[in-house]
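Assemble the whole structure, with the sequences as input and the hints as a guide.
Going by my numbering, the sequence shown opens with residue 1, and the numbers climb by one from there.
If you are wondering where the hints come from, they were derived from the structure by calculation, not from laboratory data. Model, not experiment: these values are computed from the prediction. Every residue, glycine too, gets a C-beta built ideally from N, C-alpha and C. Possibly wrong hints are sitting among the right ones.
As the list claims (entries may be wrong) - Quick list of simulated restraints, FRET-style, between CB atoms:
| hint | residue 1 | residue 2 | range |
| --- | --- | --- | --- |
| 1 | Lys-39 | Arg-5 | 35 to 45 Å |
| 2 | Met-56 | Gly-4 | 15 to 25 Å |
| 3 | Phe-6 | Asp-58 | 27 to 37 Å |
| 4 | Val-36 | Met-1 | 28 to 38 Å |
| 5 | Asp-58 | Gln-17 | 33 to 43 Å |
| 6 | Ser-82 | Pro-31 | 30 to 40 Å |
Stated by the list, open to error - 20 Å max Cα-Cα, derived EDC-like pairs, lysine to aspartate or glutamate:
| hint | residue 1 | residue 2 |
| --- | --- | --- |
| 7 | Lys-99 | Glu-2 |
| 8 | Lys-28 | Glu-2 |
| 9 | Lys-28 | Asp-58 |
| 10 | Lys-13 | Glu-54 |
| 11 | Lys-39 | Asp-58 |
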Amino acid sequence: MELGRFSVSLNVKDIVQSQKFYETLGFKTHPDCGSVKDKWLIMEQGNTIIGLFEGMFDKNILTFNPSDARFIEEHLKQNGISIDTPTQGDKGPTHCVLKDPDGNTIMFDQF
Numbered sequence: 001m002e003l004g005r006f007s008v009s010l011n012v013k014d015i016v017q018s019q020k021f022y023e024t025l026g027f028k029t030h031p032d033c034g035s036v037k038d039k040w041l042i043m044e045q046g047n048t049i050i051g052l053f054e055g056m057f058d059k060n061i062l063t064f065n066p067s068d069a070r071f072i073e074e075h076l077k078q079n080g081i082s083i084d085t086p087t088q089g090d091k092g093p094t095h096c097v098l099k100d101p102d103g104n105t106i107m108f109d110q111f
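Laid out in structure tokens, this is it:
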């Protein structure tokens, strides 16, 4: 099963301060994904991706970008895994959210 690209979505208190911090670590702001004005950014360094999100959710999220989130959701359900937020519709962008056994949030975000 292909899970897609992996990133960590971080709940940050100050998007500007966080952007500066991760730039100091060598991350670059992805030019086509978010903005300080919108209070979210995607930062990249090589193959490492971090999403910075101010005020959008309560906890950090492990994020995968599969080509078919609906398939992954169905596979998880068939294996007894509960889905907190199910995918929507039959086509196009969607996402599903679940928690691992330790309560960590995982999102499969298909766009």
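Verification of the supplied hints:
A beta carbon spacing of about 22 Å between Lys-39 and Arg-5 contradicts the range 35 to 45 Å that was offered as a hint. As the Cβ distance of Met-56 to Gly-4 is approximately 21 Å, the hint placing it in 15 to 25 Å holds. At about 21 Å, the CB distance of Phe-6 to Asp-58 disagrees with the hint of 27 to 37 Å. Checking the proposed 28 to 38 Å range against Val-36 and Met-1 shows it holds: the Cβ atoms sit about 36 Å from each other.
Between Asp-58 and Gln-17 the C-beta distance comes to about 19 Å, which lies outside the given range of 33 to 43 Å. Take Ser-82 and Pro-31: their Cβ atoms lie about 37 Å apart, and the range 30 to 40 Å holds. For the given pair, Lys-99 sits about 19 Å from Glu-2 by alpha-carbon distance, which is consistent with the 20 Å threshold. Proposed proximity of Lys-28 and Glu-2 is contradicted: the alpha carbons are some 27 Å apart, above 20 Å.
Taking the CA atoms of Lys-28 and Asp-58, the gap is about 25 Å. The hint is violated against a cut of 20 Å. Simply put, Lys-13 and Glu-54 have alpha-carbon atoms about 6 Å apart, close enough for the 20 Å limit, and the pair holds. Between Lys-39 and Asp-58, the direct Cα distance comes to roughly 14 Å. Compliance with the 20 Å bound is thereby established for this hinted pair.
When the structure is compared with the earlier hints, violations turn up for hints 1, 3, 5, 8 and 9 and for no others.
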